[in-house]
Every structure is written in structure tokens, then in C-alpha cells.
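Letter by letter, the chains look like this.
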Amino acid sequence: MREELKLSEFQKDALQELGNIGACHATTSLAEMTGITIYTHVPKVEIIPVRDIMCRVDAYMIVAGVLLELRGDISAYLYVIFTERSAQFIIELLLGRTFGDTDDIEGDMGSSALKEVGNILASSFCDAISEFLGISVIPSPPVFACDMTGAILQRALIDIAGSADHVLMFRCDFKCEEEKSNDNNDKIYGYILLFPREESLKTLLSMLDEKVKEYD
Amino acid sequence: MIEYVGIGDVKIAHNPEKLAIIGLGSCVCVAMYDESAGIGGVSHVMLPEPHGESVIEHAERACKYATVAVPVLMKKMIVKGAKKEHLKAKIAGGASIFRELDSLEIGDRNVAKVKEMLRKLDIGIVAEDTGGNLGRTVIFDTKSFKLHIKTKSYTKVI
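Read top to bottom, the protein sequences are chains A and B.
In terms of the working numbering, the first sequence opens at residue 1 and continues consecutively.
In terms of the working numbering, the second sequence opens at residue 1001 and continues consecutively.
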């Protein structure tokens, strides 16, 4: 029998904080790119049985997803997910087209733009956690798909959940500033998902333990 | 009533219940049924087979693999009253969502393994909607024994 994956409250907080550092850097670069203030929600760290994963995400909802594999001292899958509407908004903004005429998120221009956005967010995320932990994490080239959330997430799961019954899912939602004209409210809405491999999770936890000792 | 079938789950239902898998990507939905007994079952397969590690001791949890899930589904159907010789199957899924990434072709391998297992058990495949690049949501109706498939660009009943 394999050991069951469990986290103490402290470990959960530490991982959440680590993810928070990464996510804040990532959304800052999104804000710089778009010129729009982005709010980051408090991130969530959850250990989920593989069979329940599709219930914990909006598996049916169609989203634009950029997937990157993180390699180096940590091995994980990172997703940058946007709602269809906000993917379209970002494409229009970056390509400088009139709002409303970019119908195809999956077209060459659209998907390249989104891949690039995902790439920049993921790189900022990796830089921030690499710096914090003093390690090296490098993202692979981004790949893109616009489809049901469940179908998009399966790509990471087939790799990570092949031998494990539980996976750790880190999720951080972000959206644009609320106060501005109501019109803009949900123009940017998305989230970052991180699925570390089982052995990388152990590495991460021991690095975080070390980090705490430094402060003691 | 619709019951949801998670990754690696095997569920059996009786007329008129429905079994559903939401957001099926490279995974495969294996629906099996015995029309005369009014029983249907669905298995949500994620990978063709386990590598290395022995999974026999916890076969129940190993149902994310086609090599384990298909025989377990058949056994469960028989336990619930289906007749082996009446069993038929319909399959869906096995898509390749990230076209640029899938040198692995995991979807195709899943479908091939599921078919191989069904052939070994001598259960005929009546209909299928497999491969392609689109995610599917699948509902199996144990009243009509039809598989209702929905993707972002088409819907289909097989």
C-alpha cells in the first residue's frame, strides 16, 4: 500500500504562501501587459482523490487553457486558464483589433497571443518561486487548447495520477479591478493551476521546512 | 437520476438511471449493457495499463487502467444480474486535446487497449465515437442504452 498524501496545516499554509508569491508575480506581469489592474484571490491548496477531480473544477465549462510543464529542481504541470470571453478580450487587446471582431480564439494569431501570455505568466511564476527557494525551475514551451476544462486538465492527470490516487492541486484565481466601469468587470477572469508530481511535492515541502528554520 | 462517474470509477445503473462523464479528454468511457436485464454500466478509463507496479491487490483502485477496468466492469455487470453472452459495449473518448504535445498519443492507446480487452472478453462493440481533438461530455441512458455525446462543435447519439 502506498502512503496516503497528507499535509499538516503548516505545510498547507507554506505551500499556499509559495503559490501566492508565484501567482502575484504572474498577475503583475499580466497587469503590465494589459495595462489593467488585476486582483489576485487567496490561493487554495487541496489534496484531491483522482476520481473526484472533475467535481472540483467546472469540468464542463469551455475555457482557453495554456499548459506548460515545469522542469528543473521541481517537476510539475502549470495551467493558465482564461474564460472564453476573457481570452477573446486579451487577444483583442494585444493584437490591437477592434473589440468584438476576434471570433476565433483558436485561430493562429489568437492562439499564439494566448500562448505568449501564458508563457509570460508562467515564467514570472517560476522566477518568483525559484528566487524564493533558491532553486531553478524552467517552463517548457507553452501549448494551447480551447475546450472543456475537464478535457484540458486530463493531460496533466494522465502523467501525475498514473501511479497516485491523490493529487495536490494549487489554484489561484485572478480578475480585473472591480471598481472601474462595470463593463470591464469580467473582461479578465482566469486562474492558475499547479499540479506538482508526487516526488516534487516532497522536495517542495522539505525546502519550505528549511526555509522556516532560517527564520527561527 | 444522473450519477457522475469519476476517473477510475466503475458504476452500474438500472433502467431508467443515467451515468455521466463530464469533460472527457484522452480518457475513454466504456459503456456496457445487457438490454434484456435492463442493466448498464460505465467505466472511466484514464490509461491503457499500469507500468511496473503490481495493482492486483487493489484492483478496485486500479480501475483507471483499461486492462483492469474492462474486466471489473464486466464482473460487476454479471454480479448485478447481467448475462455475459448478452453484454454489448459502446465507447467514446480518446481525444488528443493538445495537438502539439501529444506525441504520446495516449488517447489512441487508450482506445486500442479498451478494444483489445473487449475483444478478449468477447464483448462486441456496437458503436463508438473516439479520437479527434475535442473534449466530450457523455451521458449513458440505461433506458434506451444510448450514449449521448456532446462536444463544443457537435452532439451525437450512438
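The hints are simulated quantities; they were obtained by calculation from the structure and are not laboratory data.
A few of these clues could be false.
In silico BS3-like links for lysine-lysine, alpha-carbon gap of 27 Å or less [stated by the list, open to error]:
id: 1; chain 1: B; residue 1: K1143; chain 2: B; residue 2: K1080
id: 2; chain 1: A; residue 1: K187; chain 2: A; residue 2: K12
id: 3; chain 1: A; residue 1: K115; chain 2: B; residue 2: K1152
id: 4; chain 1: B; residue 1: K1150; chain 2: B; residue 2: K1088
id: 5; chain 1: B; residue 1: K1076; chain 2: B; residue 2: K1146
id: 6; chain 1: A; residue 1: K187; chain 2: B; residue 2: K1152
Right, here's what the structure says about each hint:
no., hint, result
1, B/K1143 <-> B/K1080, "16 Å, holds"
2, A/K187 <-> A/K12, "31 Å, violated"
3, A/K115 <-> B/K1152, "21 Å, holds"
4, B/K1150 <-> B/K1088, "22 Å, holds"
5, B/K1076 <-> B/K1146, "20 Å, holds"
6, A/K187 <-> B/K1152, "22 Å, holds"
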